[in-house]
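Novice: Top line first, the protein sequences correspond to chains E and Y.
Counted the way the numbering used here counts, the first sequence spans residues 1 to 397.
Counted the way the numbering used here counts, the second sequence spans residues 1 to 397.
Accuracy of the hints is not assured; some may be wrong.
The list treats identical chains as one, so a pair stands whether inside a single copy or across any two.
In the BS3-like style, the derived pairs of lysine-lysine whose C-alpha atoms are separated by at most 27 Å in a straight line are [claimed, not checked]:
#1 K84 / K282
#2 K259 / K225
#3 K312 / K393
#4 K225 / K65
#5 K350 / K7
#6 K393 / K65
#7 K226 / K259
#8 K259 / K282
#9 K128 / K61
#10 K390 / K312
#11 K230 / K279
#12 K219 / K378
#13 K84 / K226
#14 K359 / K312
#15 K61 / K342
#16 K83 / K279
#17 K83 / K225
#18 K366 / K226
Hints are computed from structural coordinates only; laboratory data are not their basis.
Number of protein chains: 2
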Amino acid sequence: MKKTELKNVVIAQSGGPSMVINQSLIGAVLALRRRAGIGSILGARHGIVGILNGDYVDLRKPTEKKLLAIAATPSSALGSCRKKPNAEDCRTIFERFRELNVGYFFYIGGNDSADAARIVADEAKKAKYNLTVYHIPKTIDNDLRSCDHTPGFGSAARFVASAIKGDNLDNRALGGVKIDVIMGRDAGFLTAASALARERCDDGPHLIYLPEVPFSLEKFGDDIKKAMAKFGRAVVAVSEGIRDEQGRSIGAMLSDGEKDSHGNVQMSGTGALGDYLAKYLKANCEIKRVRADTFGYLQRSFPGVASNVDSKEAFEVGQAAVKFAFEGKIKKGTVAICRASKAAYRVTYKALPIQRAAKFTKSMPKNYIASSGNDVTKAFIDYVSPIVGKLPKCEIF
Amino acid sequence: MKKTELKNVVIAQSGGPSMVINQSLIGAVLALRRRAGIGSILGARHGIVGILNGDYVDLRKPTEKKLLAIAATPSSALGSCRKKPNAEDCRTIFERFRELNVGYFFYIGGNDSADAARIVADEAKKAKYNLTVYHIPKTIDNDLRSCDHTPGFGSAARFVASAIKGDNLDNRALGGVKIDVIMGRDAGFLTAASALARERCDDGPHLIYLPEVPFSLEKFGDDIKKAMAKFGRAVVAVSEGIRDEQGRSIGAMLSDGEKDSHGNVQMSGTGALGDYLAKYLKANCEIKRVRADTFGYLQRSFPGVASNVDSKEAFEVGQAAVKFAFEGKIKKGTVAICRASKAAYRVTYKALPIQRAAKFTKSMPKNYIASSGNDVTKAFIDYVSPIVGKLPKCEIF
Numbered sequence: 001m002k003k004t005e006l007k008n009v010v011i012a013q014s015g016g017p018s019m020v021i022n023q024s025l026i027g028a029v030l031a032l033r034r035r036a037g038i039g040s041i042l043g044a045r046h047g048i049v050g051i052l053n054g055d056y057v058d059l060r061k062p063t064e065k066k067l068l069a070i071a072a073t074p075s076s077a078l079g080s081c082r083k084k085p086n087a088e089d090c091r092t093i094f095e096r097f098r099e100l101n102v103g104y105f106f107y108i109g110g111n112d113s114a115d116a117a118r119i120v121a122d123e124a125k126k127a128k129y130n131l132t133v134y135h136i137p138k139t140i141d142n143d144l145r146s147c148d149h150t151p152g153f154g155s156a157a158r159f160v161a162s163a164i165k166g167d168n169l170d171n172r173a174l175g176g177v178k179i180d181v182i183m184g185r186d187a188g189f190l191t192a193a194s195a196l197a198r199e200r201c202d203d204g205p206h207l208i209y210l211p212e213v214p215f216s217l218e219k220f221g222d223d224i225k226k227a228m229a230k231f232g233r234a235v236v237a238v239s240e241g242i243r244d245e246q247g248r249s250i251g252a253m254l255s256d257g258e259k260d261s262h263g264n265v266q267m268s269g270t271g272a273l274g275d276y277l278a279k280y281l282k283a284n285c286e287i288k289r290v291r292a293d294t295f296g297y298l299q300r301s302f303p304g305v306a307s308n309v310d311s312k313e314a315f316e317v318g319q320a321a322v323k324f325a326f327e328g329k330i331k332k333g334t335v336a337i338c339r340a341s342k343a344a345y346r347v348t349y350k351a352l353p354i355q356r357a358a359k360f361t362k363s364m365p366k367n368y369i370a371s372s373g374n375d376v377t378k379a380f381i382d383y384v385s386p387i388v389g390k391l392p393k394c395e396i397f
Numbered sequence: 001m002k003k004t005e006l007k008n009v010v011i012a013q014s015g016g017p018s019m020v021i022n023q024s025l026i027g028a029v030l031a032l033r034r035r036a037g038i039g040s041i042l043g044a045r046h047g048i049v050g051i052l053n054g055d056y057v058d059l060r061k062p063t064e065k066k067l068l069a070i071a072a073t074p075s076s077a078l079g080s081c082r083k084k085p086n087a088e089d090c091r092t093i094f095e096r097f098r099e100l101n102v103g104y105f106f107y108i109g110g111n112d113s114a115d116a117a118r119i120v121a122d123e124a125k126k127a128k129y130n131l132t133v134y135h136i137p138k139t140i141d142n143d144l145r146s147c148d149h150t151p152g153f154g155s156a157a158r159f160v161a162s163a164i165k166g167d168n169l170d171n172r173a174l175g176g177v178k179i180d181v182i183m184g185r186d187a188g189f190l191t192a193a194s195a196l197a198r199e200r201c202d203d204g205p206h207l208i209y210l211p212e213v214p215f216s217l218e219k220f221g222d223d224i225k226k227a228m229a230k231f232g233r234a235v236v237a238v239s240e241g242i243r244d245e246q247g248r249s250i251g252a253m254l255s256d257g258e259k260d261s262h263g264n265v266q267m268s269g270t271g272a273l274g275d276y277l278a279k280y281l282k283a284n285c286e287i288k289r290v291r292a293d294t295f296g297y298l299q300r301s302f303p304g305v306a307s308n309v310d311s312k313e314a315f316e317v318g319q320a321a322v323k324f325a326f327e328g329k330i331k332k333g334t335v336a337i338c339r340a341s342k343a344a345y346r347v348t349y350k351a352l353p354i355q356r357a358a359k360f361t362k363s364m365p366k367n368y369i370a371s372s373g374n375d376v377t378k379a380f381i382d383y384v385s386p387i388v389g390k391l392p393k394c395e396i397f
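Looking at chain E on its own, in the form it has when it is part of the complex (with noise of 0.2 Å):
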């Protein structure tokens, strides 16, 4: 191909899907074909791997009724990895980029994803191959530096929201205490959004765990003892994140240690946490019905209970994506979602360099955790609620 042709332009999705990452690329897709001036639009699958593998799905084909029905359903369309590249990759990837013409390149993800982003574009100017590249956030964690909240946050808060309201019931019900396992490595934020559940002053989460408070066993018990004797029973909601006094994840240390190429141990997709907190329970604090459930891959991928605005949002980023590429201020960018007023909820969309989203975390901030360390605060209930939107009410006698 002549560098007189039109620049193609590559995107793909990377680390854990969301039920609203489809939003974000059909978002960025349609802006792109309503575009002038761009070649092929290229959906490389499985991220990275897909690059690295000329395996692509020509995204100007499908029909837009296509498109919007792909936007509107959970998880990555285009597949997804947890792939860094190295060095030899991107040398590889700028070779196939070439061959292509490829001048545009976004990647949908979290902070690891920027991270993968930032680096195919560190070293595109090191080979000289001129790429704009652009970060497009998501992740159900909430945890990037440069959005006031990121899209798929507020739908997994939604299914976390509606799953504790319903198993409030249920304990209700049947008593004892019931531990719920949240999602969420390195912050509290969707463990958090359970309080969302609560109607009224005796529901629960009766108590909340996040990875921002060092987490003590004595004090769990404590809590729980202190809990049933005010409830009754008790609900709590615990992040798969909690980590001891010298800041150790007890979830990492439960499980067979199998690390992603980014470092992060594997915590989902096991009950471990959850069953080795029942038992600590059953056998130090004299509570004969302890049952532990952990909301596992559900909370990104249940079909029929994403946030409106989430859906909303995620699919405005994806477009906001391209505008801020193709107008080159930011050549390397992320988007970030800013909150633009506090009194009536309203968001506006920024491009920022990429480094402002990769690889390093947002934790909690401290106003939103209360002062006993098991609760949150109403500052949050306010940050949340827009994003997660209403829920369904509950009646009870």
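Once you have looked at the hints, place chain Y on chain E.
Specialist: What follows is chain Y alone, placed relative to chain E:
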């Protein structure tokens, strides 16, 4: 109170909650409120426990609007229990019933609850206490011998099929083996309903393991290897009730042996079975990415996903119980749901002697299980589809 006064009614809920057990409660209560010649309508809190303790809700008081909101709310609004009454309990029950002039007792639950109601009915006869007893069927396991299908099953099946639909897409994106452990102590109906998640011929669940088919780890490993070779990935639906060649429950062997008063070992509320199977695959089948989720209590309590058909039938079965109890043809009865026609789905309700629902359970009929032993047949899909209703479509590239 004098014997000439109007007879009062006690109604209660027992066993595991479901998404629509309150439909049956409110169906019965509204039918009772519209009927002349009845005194108080008393809801006992936590089943038989509430009768023993004299803990009642006055069900004439709430507005119809409130009652209908409770009907649409998951879990057992009156609270539940897992108590099998002994002869002494029954003596206390009749003392309490005499004081309250109770002539009718309705008990909503599964086979154990039907057995509890049968015991009360039998003991009442011995004690010459004049009592009409009706069991109102409920169980997400779908294992009552008296019913074509049970209220609660369709909604739990809807949750399971939706969850597997999303999880199948998640597995498409990231690959490997995903094990999902689904409720069902004795019968595989709920696990089998995961098959409704399939839209395309390569969609999961790729393997389905039921309590009705003896389970061997070796065969399981072989099946998984074959599925990996065929699909490059595998989504596996496993019943919590799977049994080895000797008929021993594998989940029960892994549990700490906690039993309820009907002799059932705790299996739900722990991730042990899923983790056990995942560990086996990692160690013996050279598959790198293996994850296991246990759907747990969400299957029976998640708000907003109930099946419309199931909700309607659960309400009607409550109404039917009241009609049959006052007709008086069968004094110790249960309500059977019968499928009236195979062509166009339609059900009728019938009174049967209570022992027809009590104690023993129904397994999946052989013609619903594929000859491979790890899948279901078209006959099962035809049976289950109308009860669950249409699921949201998921689009892929």
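Novice: All hints are to be evaluated individually against the structure, with a verdict given for each.
Specialist: Each hint, compared with the structure:
In this assembly of identical chains, K84 and K282 lie within 27 Å of each other by CA distance solely across copies; the values are 23 Å between and 42 Å within a copy. For the homomeric pair K259 and K225, the shortest alpha-carbon distance between copies (23 Å) is at most 27 Å, but the shortest distance inside one copy (36 Å) is not. For a Cα distance limit of 27 Å, the shortest separation of K312 from K393 qualifies both inside one copy, at 23 Å, and across copies, at 19 Å. In this assembly of identical chains, K225 and K65 lie within 27 Å of each other by CA distance neither inside one copy nor across copies; the values are 54 Å within and 37 Å between.
Taking CA atoms no more than 27 Å apart as the test, K350 paired with K7 passes inside one copy only; the shortest distance there is 24 Å, against 71 Å between copies. With identical chains, the CA atoms of K393 and K65 are at most 27 Å apart between copies only, with a shortest distance of 13 Å across copies and 33 Å within one. When the C-alpha separation of K226 and K259 is checked against a cutoff of 27 Å, the pair qualifies only between copies, where the shortest distance is 26 Å, while the shortest distance within a copy is 38 Å. Taking the shortest Cα distances, K259 and K282 sit within 27 Å of each other only across copies (14 Å), while inside one copy they are farther apart (31 Å).
For the homomeric pair K128 and K61, neither the shortest alpha-carbon distance inside one copy (32 Å) nor that between copies (78 Å) is at most 27 Å. In this homomeric assembly, K390 and K312 come within 27 Å of each other (Cα to Cα) both inside a single copy, at 15 Å, and across copies, at 25 Å. Taking the shortest Cα distances, K230 and K279 sit within 27 Å of each other inside one copy (22 Å), while across copies they are farther apart (40 Å). In the homo-oligomer, the alpha carbons of K219 and K378 lie at most 27 Å apart inside one protomer (24 Å), although the nearest pairing across protomers, at 53 Å, exceeds that limit.
Within a single copy, K84 and K226 get their C-alpha atoms no closer than 46 Å, and across copies no closer than 30 Å, so neither meets the 27 Å cut-off. Within a single copy, K359 and K312 get their C-alpha atoms as close as 26 Å, which meets the 27 Å cut-off; across copies the closest is 51 Å, which misses it. Within a single copy, K61 and K342 get their C-alpha atoms no closer than 41 Å, and across copies no closer than 43 Å, so neither meets the 27 Å cut-off. In this homomeric assembly, K83 and K279 come within 27 Å of each other (Cα to Cα) only across copies, at 24 Å, whereas the closest approach inside a single copy is 36 Å.
Within a single copy, K83 and K225 get their C-alpha atoms only as close as 44 Å, which misses the 27 Å cut-off; across copies the closest is 25 Å, which meets it. With identical chains, the CA atoms of K366 and K226 are at most 27 Å apart within one copy only, with a shortest distance of 24 Å there and 50 Å across copies.
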